[in-house]
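**Q** Listed below, chain by chain, are the residues.
Number of protein chains: 2
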Amino acid sequence: MSYKKESAGSADIMFLREAYQEALEGYQQGGVPVGAVMVRNGKVLARGRNKRVQEGDPVMHGETDCLRSAGILASYQDIDLYTTLSPCMMCTGAIIHFGVKRVVVGEDVNFPGNIQYLRDNDVDVVLVDDEECKKLMAQFIEERPDIWYEDIAGNEKV
Amino acid sequence: MSYKKESAGSADIMFLREAYQEALEGYQQGGVPVGAVMVRNGKVLARGRNKRVQEGDPVMHGETDCLRSAGILASYQDIDLYTTLSPCMMCTGAIIHFGVKRVVVGEDVNFPGNIQYLRDNDVDVVLVDDEECKKLMAQFIEERPDIWYEDIAGNEKV
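In order, the protein sequences belong to chains A and B. With our numbering applied, the first sequence covers 1 to 158. With our numbering applied, the second sequence covers 1 to 158.
Hints in this document: simulated from the structure, not taken from any laboratory. One or more of the hints may lead you astray.
Ranges of calculated distance between the beta carbons of each label pair, as one might list FRET restraints [as the list claims (entries may be wrong)]: (1) B:Q139 / A:E18: 38 to 46 Å; (2) B:P145 / A:D122: 23 to 31 Å; (3) B:Q116 / A:A74: 27 to 35 Å; (4) A:A138 / B:Q139: 50 to 58 Å; (5) B:G9 / A:D122: 34 to 42 Å.
Even glycine gets a Cβ: it sits at the ideal position worked out from N, Cα and C.
If we strip away everything but chain A, and leave its shape as in the complex, we get:
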């Protein structure tokens, strides 16, 4: 896909590294290495990671696990969501449903996700194209294609 590479600030890169740390720890647990953090007022509010392997839970992707960890919130309008991988359709729908307005995405090379659909729904998406995120995900897909293609339900496009 050829989205333009939007500018990420230094704080964005720092928080993306925190999402990457979640992905890395997930990988070390044998899980799908996708991590996420939610940030409000310059502070990490919640962290999450894909838990398909760790908890046998297909709906706990990085983003949904992070939304769960944040608990009940009155509003998501002032929250930035950082995720290492471009969001699948479930997580895209969650972002739109809860009204998160800004998402920073590590990469969309290993999985295109739904960046354009988020933008079409007035979500500000920054695509970082981060080397570490790309490398970790590519390594996992090479090592465990069975888990990865099951996680995306055999669908490489959404």
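Add chain B to chain A, keeping to what the hints say.
**A** Just chain B, lined up with the frame of chain A:
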């Protein structure tokens, strides 16, 4: 909204009643009364209900809780999902992501959801327009508008 009312078979009505039972028990727990069941080969494979109140978990809607309960599945192509209320964007995205091909919806009067978007993504949607589903949801919204509008993040349209 004015979707055509498609024909639901007697088995559909029976399984929708099981989803309604989940919604009713959720209501009796003080929760948002949305229930779901997943059916494969004429048998209920998994059950779910909205657990925002019961577990303080914003991502456990009827459909996502049901997908979680089903655990890890190789494929969702032969599964019918029954839900008492038209799916929000998160649950719509989950249905599309996992490749569920048929969804039976109790009603879309209290919440329009995303029936057309599901159909645009090749999901066969049957809208029952069920009186019990409509009545229970309307009662909850009247009694606890605070919880309901928080559950849909203040957005009555998606």
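**Q** Report the numbers of all earlier hints that the structure fails to satisfy, in ascending order.
**A** none
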